[in-house]
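*Asks:* Listed below, chain by chain, are the residues.
Number of protein chains: 2
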Amino acid sequence: MLKHSNLIEKCLESKSIFTGKLLHVLCDKVVLPNGRESTREYIKHPGASVVIPYLNDKRVLLIRQFRYPVNRVMIELPAGKIDPDESPENTIKRELEEETGYTSDNIINLCAIHTSVGYSDELLHLFWAYDLKACVKKPDYDENIELLPMNINDAMEMIYSGEITDAKSIIGLFWADKIINNRQFSKRVLK
Amino acid sequence: MLKHSNLIEKCLESKSIFTGKLLHVLCDKVVLPNGRESTREYIKHPGASVVIPYLNDKRVLLIRQFRYPVNRVMIELPAGKIDPDESPENTIKRELEEETGYTSDNIINLCAIHTSVGYSDELLHLFWAYDLKACVKKPDYDENIELLPMNINDAMEMIYSGEITDAKSIIGLFWADKIINNRQFSKRVLK
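In order, the protein sequence lines correspond to chains S and U.
Using the working numbering, the letters of the first sequence correspond one by one to residues 1 to 191.
Using the working numbering, the letters of the second sequence correspond one by one to residues 1 to 191.
So that you can see chain S by itself, here it is in the shape it has in the complex (with noise of 0.2 Å):
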């Protein structure tokens, strides 16, 4: 069944603009619901896994990091690409260990999100890690990142005072918020 195939756009030609080491940037011909063409520029992208870590103190484990394409240090949440092959939740296993130096075997999966869906495919899975276990921290040799341990509440504030601008982080944050201040939600999504 074709839901709401009234607002459906069909391809007409898929070309291939740019294969980077990370982006691969497409632009298709496209027919409308009415009947006319247009052009569609986007990115194809493999998807990622972002994670709230809950520390043993009740804290969240945000990172510090600089971002390139906003030239600015930035407050997230651990997350990283998926590799070929790797599900989601091995997705964020392994950066969870690379990026902040914990590991967890108590992993729940609980939304997925599309991140910008005006010119990208790109599909991140949201994860909520406890029971944390220290081990050593490997990045990989291009990432620099620091441990940002916090209260959810202060995370918040960060949020409302717009320290934090990270969409994955602010989703990912909003998820906690709940999660860890109203229990019969916590019961809900943790189940």
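Quick caveat, the hints were computed from the structure, so don't treat them as lab data.
Check each hint, because a few of them may be wrong.
What the hints assert, rightly or not - EDC-like cross-link-like pairs, simulated, lysine to aspartate or glutamate; straight-line CA separation at most 20 Å:
(1) U:Lys178 with S:Asp177
(2) S:Lys178 with U:Glu163
(3) U:Lys21 with U:Glu163
(4) S:Lys29 with S:Glu13
(5) U:Lys178 with S:Glu163
(6) S:Lys178 with U:Asp154
(7) S:Lys3 with U:Glu146
(8) S:Lys29 with U:Asp140
(9) S:Lys15 with S:Asp28
Stated by the list, open to error - Computed far set for chain U versus chain S, every beta-carbon distance over 12 Å:
(10) Arg59
(11) Ser87
(12) Gly101
(13) Tyr130
(14) Val136
Here a beta-carbon is modelled for each residue, glycine too, at the ideal position from N, C-alpha and C.
We have chain S already, so just place chain U on it with the hints.
*Replies:* Just chain U, lined up with the frame of chain S:
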């Protein structure tokens, strides 16, 4: 003052890879804090605005539209790219009118969001709009949009159940939930 200068990467050489109607792709050679070199592929984006239209009947006005990059019909808040020489507030007034057929002179900026810091410099401005007035809807020729006014509690359920997956809309609805259901928070941010 350079805060966290130990994290910062510097540009050695910037190369434009592709300039389309929508996307501008670059690949820069950078030097890392440890002196090693790497490359960064990313998109230059003009920025965008997104709005929570709060109807007089106390529902939030969502929209349904097809998004080619993810090949699916999405439920979203109204949003659009900032035109050259346009302010984020004027963008959202224009998009609100074009996409929904409503205007508002009561628009409040809530926060700014970096949508995809790993590969885009896009900054998204989130607004709250109230005291909406119906006018004539006038979408772009290649936009097909259906209106979906919704109770905030129902919209939040669609986030938790995975029916709403668009990042900017999830963030906007979390803000809307706090504003609508928490009088103290509402007083603080809508002052």
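*Asks:* Now tell me, hint by hint, if it's right for this structure.
*Replies:* Structure-based check of each hint:
{"no.": "1", "hint": "U:Lys178 with S:Asp177", "verdict": "12 Å, holds"}
{"no.": "2", "hint": "S:Lys178 with U:Glu163", "verdict": "18 Å, holds"}
{"no.": "3", "hint": "U:Lys21 with U:Glu163", "verdict": "31 Å, violated"}
{"no.": "4", "hint": "S:Lys29 with S:Glu13", "verdict": "5 Å, holds"}
{"no.": "5", "hint": "U:Lys178 with S:Glu163", "verdict": "18 Å, holds"}
{"no.": "6", "hint": "S:Lys178 with U:Asp154", "verdict": "16 Å, holds"}
{"no.": "7", "hint": "S:Lys3 with U:Glu146", "verdict": "13 Å, holds"}
{"no.": "8", "hint": "S:Lys29 with U:Asp140", "verdict": "17 Å, holds"}
{"no.": "9", "hint": "S:Lys15 with S:Asp28", "verdict": "6 Å, holds"}
{"no.": "10", "hint": "Arg59", "verdict": "20 Å, holds"}
{"no.": "11", "hint": "Ser87", "verdict": "18 Å, holds"}
{"no.": "12", "hint": "Gly101", "verdict": "17 Å, holds"}
{"no.": "13", "hint": "Tyr130", "verdict": "19 Å, holds"}
{"no.": "14", "hint": "Val136", "verdict": "19 Å, holds"}
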